[in-house]
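Chemist: Note that the protein sequences, when read in sequence, are chains Z and R.
Counting along the first sequence from 1, when you hit position 73 you're at 63 in the numbering used here, and nothing is skipped either side.
Counting along the second sequence from 1, when you hit position 31 you're at 56 in the numbering used here, and nothing is skipped either side.
No lab work stands behind these hints, which were simulated from the structure alone.
Computed from a predicted model, the values in this text were never measured in an experiment.
Note that beta-carbon positions come from the ideal geometry of N, C-alpha and C, so glycine has one too.
Any given hint might turn out to be false.
Quick look at which bits of chain R chain Z covers, simulated, 3 or more residues with Cβ under 8 Å [to be verified]: (1) 62 to 74; (2) 152 to 159; (3) 339 to 346; (4) 353 to 364.
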Amino acid sequence: MAKITFITSDDETIVLDGISGSVMELAVEHNVKGIDGNCGGVCSCATCHVHVAPDDLSKTGPASEIETDMLELDDNTDEFSRLCCQIEISDALDGVVLKVAK
Amino acid sequence: MSAMKKSELPDPFEKARMERGFGELNDQNDPVKMLLRHKDVRKTAHNYKTFQSAATPGRIVVPSEVNIRETRQIPFELDPPIHGFYRAVVEPWFKRPLQEDYTEKLTEQINSLIEETLIKDKAEIIEEFALVLQSRALTLLLNIPFEEAERWISWGVHVFRSEDTALDGDKANILYNYIDEQIEKAIQKPGEDLYSMLLASEVEGKKLTKEEVKGVMVLTFAGGRDTVINAVTNAIAYLSDHQESLDRFRKEPGIISKAVEEMIRYFSPLTQMGRVVTEDTYVCEHATKADTRVSLCWASANRDATVFENPNEIVIDRKINPHVGFGFSHHNCLGASHARQIMRVLLSALAEKVGNIEVFDYKENIEDLDDFKRKVGYDYLWAKFNRLKN
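Model the full structure from these sequences, guided by the hints.
Modeler: Now the structure itself:
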């Protein structure tokens, strides 16, 4: 199990326990504002953009090439940007802090 | 190589996409340079300053509608930042399909249509199934009485297109006059419907005008008609060739949303969308003049082998699928949530009730794009749904 913290654009902090599936699915299930996951998690809509806290990037790993191509054309993308449908939940993710981009 | 199946949609763009990256189409003496590569399509869609949408109404549509339409479609034929102000007004309404009660009603509609079809010896899938499904579902999107669907069904499949000509002004007028009437009705007696919501909305402190409300409604009617009908009909044809996918949906309902994205990629119900070039520039290293047109060819980008493995196959649980079937960037499809929900509910309802689908007779609908002939769906498709035996 992993504790995952979301900070929304209006500064609400939501802490969720995740067991499996993607971070996007967990966020959508709990109505985290700014994470819509319109495409169901196949990396085609960029409605699950998060900024990983710099210290936590080792837990999530960097964005893949397909993700980067997608993010390149999104607003306020930086080196900590990920599409969270592409982050699988595992114990390794425990304690991660994600700032929702939208 | 396996024999061509009836549900296949071949990719006519492959050679041109690999060799030079664009194609040329003469549309009513306003030529279009069609961009064919995934990367170019996405970059160009994002660059609204050089490739604009806020041109003469109808000009960014291919084939051009400048001769049959004066009303600007909103927010579609606007550019940022103004585009964003209007988009923000309509966006929450077009997200309603994600709500539970909306999905429940849609499920009831689709279940009962499948039951109606199961008892027929055969059905013409476009007229008797896809058109009916699309029209009924639209009453949910507009939040108006179910009975109104009958009128839209009576218009037939093509609001803009007729059998003889690609663009039919008389047919378009049926829709425009109807929308004018409905707007007047909503002014007299406001309700909980989309017309009334729009009439009560403001952008930058000003109420939307009747013409602006009409612009949103024309977009809502026109954008979701042929596209949804083609997606539904192509899905039925695919499932008739691939009974095993129905079995998989029953065993693994979790893949249905991935299957929908994959079908949207493969079918690409909207072949392309245009933009007007605002300054002399280059596309695919080819000089392109101001005030000419380019198009973003979603159908070609969605078969780009540099992005998609086995691009010409439906991989029903494709996990990474950055398709552009709903467009890309600022102008991505406003009706996408509605369309996705229709397709998700349809696939799960078919899996629940239908064992297999037999196709008897069909005629392919081939779009003529000068250098390219693209199958987009069918003119007719006669089929029988066979009930799942437990």
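Chemist: Between the region 152 to 159 of chain R and chain Z, are there enough contacts, at least three residues with CB-CB distance under 8 Å, for the coverage claim to hold?
Modeler: Coverage by chain Z is violated for the region 152 to 159 of chain R (0 residues, Cβ < 8 Å).
Chemist: Cut-off 8 Å, C-beta pairs, minimum 3 residues; does the coverage of the region 62 to 74 of chain R by chain Z stand?
Modeler: It holds: at least three residues are needed, and the region 62 to 74 of chain R offers 4 whose Cβ sits within less than 8 Å of chain Z.
Chemist: Checking C-beta pairs, does the region 353 to 364 of chain R have three or more residues closer than 8 Å to chain Z?
Modeler: It holds: at least three residues are needed, and the region 353 to 364 of chain R offers 5 whose Cβ sits within less than 8 Å of chain Z.
Chemist: Do three or more residues of the region 339 to 346 of chain R come closer than 8 Å to chain Z, measuring C-beta to C-beta?
Modeler: With 4 residues in contact (Cβ-Cβ under 8 Å with chain Z), the coverage given for the region 339 to 346 of chain R holds.
In summary, the structure is inconsistent with hint 2 from the numbered list given earlier, while agreeing with all the others.
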